[in-house]
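Undergrad: As you go down the protein sequences, you meet chains A and B in turn. Mapping the first sequence onto the working numbering, position 5 (from 1) lands on 5, and the numbers just tick up by one. Mapping the second sequence onto the working numbering, position 109 (from 1) lands on 109, and the numbers just tick up by one.
These are computed hints drawn from the structure, not numbers from a lab. Keep in mind the model is a prediction, meaning the values are calculated, not measured. Glycine residues also receive a C-beta, built at the ideal position from the N, C-alpha and C atoms. Among the clues, some could well be false.
Reference excerpt, derived from the structure (chain B facing chain A, CB under 7 Å, subset only) [what the hints assert, rightly or not]: (1) Arg141; (2) Gly158; (3) His197; (4) Ala202; (5) Val203; (6) Ile204; (7) Ser295; (8) Asp299.
Some chain B residues close to chain A (C-beta under 10 Å, calculated; not the full set) [what the hints assert, rightly or not]: (9) Asn180; (10) Ala195; (11) Leu296; (12) Thr613.
Some residues of chain A that are not near chain B, with every Cβ distance over 10 Å (derived) [unchecked claim]: (13) Leu45; (14) Asn61; (15) Ala63.
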Amino acid sequence: MTTTTVLDELRSMLVQVLDQYGLDDVEITRETSFHDDLGLESIDLVTLGSLLVEHYGEHVNLAAFLAELDIDRVIALTVGDLVDFVIARVA
Amino acid sequence: MTGVVLREFGVTGRLGVVNPTPERLQRAEKVARKGRPWRGRDDIWFSPEPLRGKVVFLFPGLEADFAPRVEDLVDDPLDLGTDTLGRHAAAVLTANRVVDEALRRTGIRPDAVAGHSVGEWSAMVSGGLFDAAELQELLWRTDLDALRVPGVEFAVLGCPLDKVELPWPNVVVSHENSANQTVVCGPADEIAELAEHYRRKAVICQVLPFRSGFHTPMLEPYLEQFPIPKLPLHPARIPVWSATTARPFPSDEPAVRDLCRRHLLEPVRFATLLRTLHDDGFRTFVQAGPGTLSSLVSDTLRDRDHLAVAANSPHRSGIEQLRRVATALWVEGGDPDFSALDPAPAPRGALAEFRAVLAEAEAAVAAVLAAQHKIEVSTAAMPHLLDHCFAHQRPGWPDESDLRPVMPATTMIAHLVEAAGRAAPGRVVTDLRDVRFHRWLVAAPGHRVTLSAQDGRAKLGDYADATVTAAHRHPPAPRPWDLPHDERDPVLPAHRLYDERWLFHGPGYRGLTRTVAIGERSIRGRITVPGAPGALLDNVGQLLGHWLVELHPERWIAFPKSIDHLRWHAPEPPIGSTVDCTIRITEVTEDTVRADAQVIRDGEVVIAITGWTDHRFDGGADGGAVHRFPETSTLSRPTADGWWLAVDRWSLASREFYLHKYCGAAERAEYDRCPPTQRRDWLATRVAVKDAVRGALWRDGAPPLFPAEVRVRQHGDRFTAEGLHGLALPPLEVTVLRSTAAAVAWNACAKVVQQQGRDIA
Numbered sequence: 001m002t003t004t005t006v007l008d009e010l011r012s013m014l015v016q017v018l019d020q021y022g023l024d025d026v027e028i029t030r031e032t033s034f035h036d037d038l039g040l041e042s043i044d045l046v047t048l049g050s051l052l053v054e055h056y057g058e059h060v061n062l063a064a065f066l067a068e069l070d071i072d073r074v075i076a077l078t079v080g081d082l083v084d085f086v087i088a089r090v091a
Numbered sequence: 001m002t003g004v005v006l007r008e009f010g011v012t013g014r015l016g017v018v019n020p021t022p023e024r025l026q027r028a029e030k031v032a033r034k035g036r037p038w039r040g041r042d043d044i045w046f047s048p049e050p051l052r053g054k055v056v057f058l059f060p061g062l063e064a065d066f067a068p069r070v071e072d073l074v075d076d077p078l079d080l081g082t083d084t085l086g087r088h089a090a091a092v093l094t095a096n097r098v099v100d101e102a103l104r105r106t107g108i109r110p111d112a113v114a115g116h117s118v119g120e121w122s123a124m125v126s127g128g129l130f131d132a133a134e135l136q137e138l139l140w141r142t143d144l145d146a147l148r149v150p151g152v153e154f155a156v157l158g159c160p161l162d163k164v165e166l167p168w169p170n171v172v173v174s175h176e177n178s179a180n181q182t183v184v185c186g187p188a189d190e191i192a193e194l195a196e197h198y199r200r201k202a203v204i205c206q207v208l209p210f211r212s213g214f215h216t217p218m219l220e221p222y223l224e225q226f227p228i229p230k231l232p233l234h235p236a237r238i239p240v241w242s243a244t245t246a247r248p249f250p251s252d253e254p255a256v257r258d259l260c261r262r263h264l265l266e267p268v269r270f271a272t273l274l275r276t277l278h279d280d281g282f283r284t285f286v287q288a289g290p291g292t293l294s295s296l297v298s299d300t301l302r303d304r305d306h307l308a309v310a311a312n313s314p315h316r317s318g319i320e321q322l323r324r325v326a327t328a329l330w331v332e333g334g335d336p337d338f339s340a341l342d343p344a345p346a347p348r349g350a351l352a353e354f355r356a357v358l359a360e361a362e363a364a365v366a367a368v369l370a371a372q373h374k375i376e377v378s379t380a381a382m383p384h385l386l387d388h389c390f391a392h393q394r395p396g397w398p399d400e401s402d403l404r405p406v407m408p409a410t411t412m413i414a415h416l417v418e419a420a421g422r423a424a425p426g427r428v429v430t431d432l433r434d435v436r437f438h439r440w441l442v443a444a445p446g447h448r449v450t451l452s453a454q455d456g457r458a459k460l461g462d463y464a465d466a467t468v469t470a471a472h473r474h475p476p477a478p479r480p481w482d483l484p485h486d487e488r489d490p491v492l493p494a495h496r497l498y499d500e501r502w503l504f505h506g507p508g509y510r511g512l513t514r515t516v517a518i519g520e521r522s523i524r525g526r527i528t529v530p531g532a533p534g535a536l537l538d539n540v541g542q543l544l545g546h547w548l549v550e551l552h553p554e555r556w557i558a559f560p561k562s563i564d565h566l567r568w569h570a571p572e573p574p575i576g577s578t579v580d581c582t583i584r585i586t587e588v589t590e591d592t593v594r595a596d597a598q599v600i601r602d603g604e605v606v607i608a609i610t611g612w613t614d615h616r617f618d619g620g621a622d623g624g625a626v627h628r629f630p631e632t633s634t635l636s637r638p639t640a641d642g643w644w645l646a647v648d649r650w651s652l653a654s655r656e657f658y659l660h661k662y663c664g665a666a667e668r669a670e671y672d673r674c675p676p677t678q679r680r681d682w683l684a685t686r687v688a689v690k691d692a693v694r695g696a697l698w699r700d701g702a703p704p705l706f707p708a709e710v711r712v713r714q715h716g717d718r719f720t721a722e723g724l725h726g727l728a729l730p731p732l733e734v735t736v737l738r739s740t741a742a743a744v745a746w747n748a749c750a751k752v753v754q755q756q757g758r759d760i761a
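Next comes chain B alone, as it looks inside the complex (with noise of 0.2 Å):
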């Protein structure tokens, strides 16, 4: 058996596939994605979650097919001949008691034993009520075959007990058997009629080839001469469920003489039985020996959360059963012990081999399934990335979705890097190269992502990919860099980056502790290794966004776009260790940076990069300011005559930058609703419109407000502005004049002309 705690690779459940091949691993696979629980089919078995519940052994009577493969449970040979009646009976029972030892054996224990038939003898041994070897030896001096009815026949019909109609005078139920399957017994010539009746009905009728009366009152003459409920009584061990009654033995002796005497007389309640058996929290329904009954547990349990399990079948020996019995409860939460069902000692070469194509099997269910896999992104799932979010809000703002939190490029990097590492069972990732980041991948609302890794290249949804290098050991370090000549000391110390805003990273990301020295082309600093995924390298970036602030102050709002080669050189330094970064600036355009870096611990480069490339956002100095302080600083300008000017000269990336800082939920649907030849337009007037009414609030002396917290309403040609999520404003009217008169920029013009009723223009 192969199992595999599915947590490890972002679907929860445990799945687990016996004598794994190619293909059945690949139908594991899907069936692992689908979520639904998978019972057995083709030696897999799938839950999502474990069922819980009570486990009962359910013990077979008499059926038509007796195939018990039980040889291999024992050491001496059983006498398992079903020549008679009786020999039959015997037979089933002895092959009911050596699965019920060898399941017991392998640590499966019932919490109640039930059975059906002649089973329930089997069930009243297994739960102490009977002493086996008593029992053994009654059945011995019985003669079975004297209590057979004459002339009686059982038939199998397949429809509820509710569908079955008998005018036939002599024939009765004697079994419920299951939610579709009902057996009567009656005399040969009437069942004979029953059987062409049903069938002109289209249901399925098999009369069965044997001959008793068992469970019908026309045994009862019989009776005096059947010792079984005379057997001594014994206290039980585990609660014994009687299938006649659908309820535990009672306790008292009398009691447990007479059910044992209706057992004899009365029909069968197995589908009842097993109803409320469910209903007592009884999950697990294994069957405890030879023949069909767990798929009578299967039909009449079908719309309800169960497992039904059979501890032997004709088609394979006793051991391999069992070894699914075993699977199967592992997969519902169960710890069986699968040392108990290894092979029989065997020469050292096979055992070793088996236990190579074991490992073999393990590690490509671990590739299968680490080929691809879903991740949740939220902030439930991932709570690291509120520690980075790209809009600043008010404290307390409801709307997650409106301060983006986002997940890093270098966490995107991390998962990569955990899928390939999946995907190469006993290797680690050593090069990543031609990292691409297309998208944000934004964490509000969650949703669920696909993270792959085939044929050497790592996917995380459509929002990252790259190539990767599994290897046996980390290649040999570089030497780091030679200082560059011309450091000086920075201007500004780590840990106002983060007090001024300058860098947007929560507790989570903040790892810079030190910026060590710059230069026109260089920066390094200290890195103490953050908690989050993806951390280290995330401070990488911030340190070159530290080089930016400092030297390139009117474009420094920069996010990385791709990197072309990270190479890890020895594991990475764990949480809360501390590194150096060394930068090199490789160059520096209008649009992008591109750098290469050395991390390095203890004086060993640890990790190398090359070609880290950031995509710089435009908006001047206003930009940045609102990046930063978004509730007091505004995208647009105030003119001498009260009006608030947006010129909109910003790139489309950096128009979806802003839109996130200026408009809440709401709002960006509208956004999204727009025509994209409108968006400019739109984004500029929402932009003028918030500036117009901030400014002349805090001209009235107004705390700080975030243009999110404003929203804006357009009636035809009038606008209104009102506050959202408990910021109460007076309805405010703003007038707006547009243009386009230079080519290159929308203006926006805004101004506040109506303030509680009067004008204020």
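Chain A on its own, in the form it takes in the complex (with noise of 0.2 Å):
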């Protein structure tokens, strides 16, 4: 699996995410941030955990993955952050 392939596919996903505040035309790229650029609140991190449990199987845990994590890497958190850990996990 490509990192292209990851990052469309992460696009969609977010864009389903965002499309309930009527933000479904905003660029995403690698290094978009979810918390400064998107906005997304933990709340939506929840949704965007499930559509990658559902896309890639429980193995793709954001969960965990967010519980390594401390809160200011959380907050800086961007796309390509992601797209790293769903290729690593994949793989």
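Could you fit the two chains together into a complex? Lean on the hints.
TA: See the structure below:
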């Protein structure tokens, strides 16, 4: 699985999460930050977490990933970080 | 805040932008165009229609991150320390109270209040059940930390209550926070196991940094020392809802005290509370304090119409965040007091600068929104277009599209001017140049058309466009022209132009009250400005029409095609005022007529027009008659032996014109499905058949009959006709002969051969 594929897949999941805010046209790149750029709250990460499990299976466990991070890292989290995490778990 | 009531821009709803930047305005424009509610992201709020419904203040309780920003909302410093659980709770209550009071100063008042966990005490204060000072004093005297249940922890789970399984004997649910968040509480070792378990199941799980055992039965043994349920009670001023019962507090004192106690021992049912509030008509949920309560609201009510907004945020000052709440509520139809949010008295220069920025931002929003918006072109949105229908039909005709209501070229001009004016706030549109009318803008069926004004070019969809000049004032007026030397009295008085349908206009566009004089190359008339948009200029065109009717009766039907230059020297005269109009014809060809004109009020030129060009339609006298009185006129001619002969010499534009006089919606759809090469034949045949049918019926004494009332059907080589929309006709069979013998014309002959079962040929 390539980075590009995963990025595309994450992008469409994020659009699903964001669509409820009417934010379906935002540009999402590796550098996009969940907190600052997308304004995702912890509650949105829950939704994203279940989409990840649905799509990749239970070994792509956002909960476990986040549990290892301190709060500052969580705040600084980018889409690219998540892409790398997914690739590492799927590989 | 910059707010725009979008109705003025052809979009409904309200748009609010805090601290508008060019990027933000661009985004706001996109948001407004999508027409879907947008609530707060990037400091933009948009609502196509107000939420209405009641407002509830929700007071936060203890959260892991406590970062109140209330310093600018109060005069004196506050104690907001959180080093002990007791101090933390007291600080939350203080911050909540400050935000509550600031909201009310801004004219934002709740219809009810509620709270999350200890925030419920804030709600009780805000609603009047507790006295703020009495609660404060009690908290000072109480050692809340003594209430900690030893060894007990909270964990937040990222899943709904019904997905929570608790196979640990001492763990219980303490908070049903939102649709996707539940808090559990229990002994530290069991909570640690639970966290491991849920993370393995990919459920986000976070252990909270404070320990208490609140909202669980584990607190029971410690409750005796806890004085809050014993605090003096007062009558509520506004309804206080309990998160324990998800209902309003009871009114009798013992029941209130009992509920205070249960509140400490039973789970916080916040999600249920939110749903119940929504069911009860609450739509606006204001988080009246620091924290993230509003995201619990969004999570729980995500499929329902609502506004969740936080009145305090760690990211900006208290006033700045209140400005966002006020904007959000204003967008939903509220009326907050923005003056209360004005910056504190600032040096004069700075204040003036702030106002200038605000004014500039407002102009920028207006410009962005005016740059492009859609207008609804339909007879419902523009009833005046019913006074501008190209095809007469029987009174009460049910299909509006057969009437062909068309937006006059001059009404298109009015829209172009309006768009250009909005794009240039503070200036007036003085000139339109190279005005082009590309296509008929038909209003039935209704549709939306993009109106834009950018870079000096105004466009109404692909129907019309023009180059625009806007200036701070109107240019000086030229002298009215000298009177032409060859004038005479007109043959037709102005009213007969309408009565005899030389002009098809209804009351909204009828303004020619008198034609004063006519000459070989000129005409002068008097116009009483009618009410429809663009009607004044339309009457200039009508006066030109009068000149054609009298001087070129063989080809008098004409419609505007382009105008080289329109210049306004003063604001347009108001509806009902009287103006004079002089037209000088500059060129007449087979296909066009060109003219210059002056619109004069009280001896001053108000509008100067150069190069007004009309397209002239062919069709001869028959065409003119059908245009005026289709119910008694025919395009075909009867021959001696009972045939009706239609000869198509029409241009494409004219054919289109007669198509709408002759054919109803279903037949026009057939025409459209015809390959272009067969359309001439198709239409000439329909014309001949309809005229043959009407001719035969009229010979038998039938009343006037519109061509569209006769529906022609083709069955191979056979043609039949029947009545439409209530017209009863016997089944009629018609014979048709067609030829292309003449190179320039298409002939179709038709004859009614059978009626009521008998041959009549």
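Undergrad: Does each hint fit the structure? Answer for all of them.
TA: We went through each hint and held it up to the structure:
1. Of the supplied interface hints, the one on Arg141 of chain B is violated, with its beta-carbon coming no nearer than about 35 Å to a beta-carbon of chain A, more than 7 Å.
2. Hint status for Gly158 of chain B relative to chain A: holds, with the closest Cβ pair at about 4 Å, below 7 Å.
3. For His197 of chain B, the shortest C-beta to C-beta distance to chain A is roughly 11 Å, which exceeds 7 Å, and the interface hint is violated.
4. At a threshold of 7 Å, the smallest CB-CB gap from Ala202 of chain B to chain A is about 4 Å, leaving the interface hint in force.
5. Given hint, Val203 of chain B at the interface with chain A, holds; its Cβ is 6 Å from that chain's nearest Cβ, closer than 7 Å.
6. The beta carbon of Ile204 of chain B comes within 4 Å of a beta carbon in chain A, closer than 7 Å, and the hint placing it at the interface holds.
7. For Ser295 of chain B, the interface hint holds, the least distance from its beta-carbon to any beta-carbon of chain A being 4 Å, beneath 7 Å.
8. Nearest Cβ of chain A to the Cβ of Asp299 of chain B: about 4 Å, under the 7 Å cut. The hint holds.
9. The criterion of a C-beta within 10 Å of any C-beta in chain A is met by Asn180 of chain B, whose closest approach is roughly 5 Å, and the hint holds.
10. Here the hint on Ala195 of chain B is kept, as its CB sits about 8 Å from the closest CB of chain A, short of 10 Å.
11. The interface hint given for Leu296 of chain B is met, as the beta carbon of that residue sits about 7 Å from the closest beta carbon of chain A, less than 10 Å.
12. Because the closest C-beta pair between Thr613 of chain B and chain A is about 43 Å apart, greater than 10 Å, the hint is violated.
13. Once the 10 Å rule is applied to beta carbons, Leu45 of chain A is inconsistent with being away from chain B; the minimum gap is 6 Å.
14. A cut-off of 10 Å between C-beta atoms contradicts the statement that Asn61 of chain A is not in contact with chain B; the least separation is 4 Å.
15. A beta-carbon of chain B comes within 10 Å of the beta-carbon of Ala63 of chain A; the shortest separation is about 4 Å.
Taken one by one, the earlier hints fail for this structure at numbers 1, 3, 12, 13, 14, 15, listed in ascending order.
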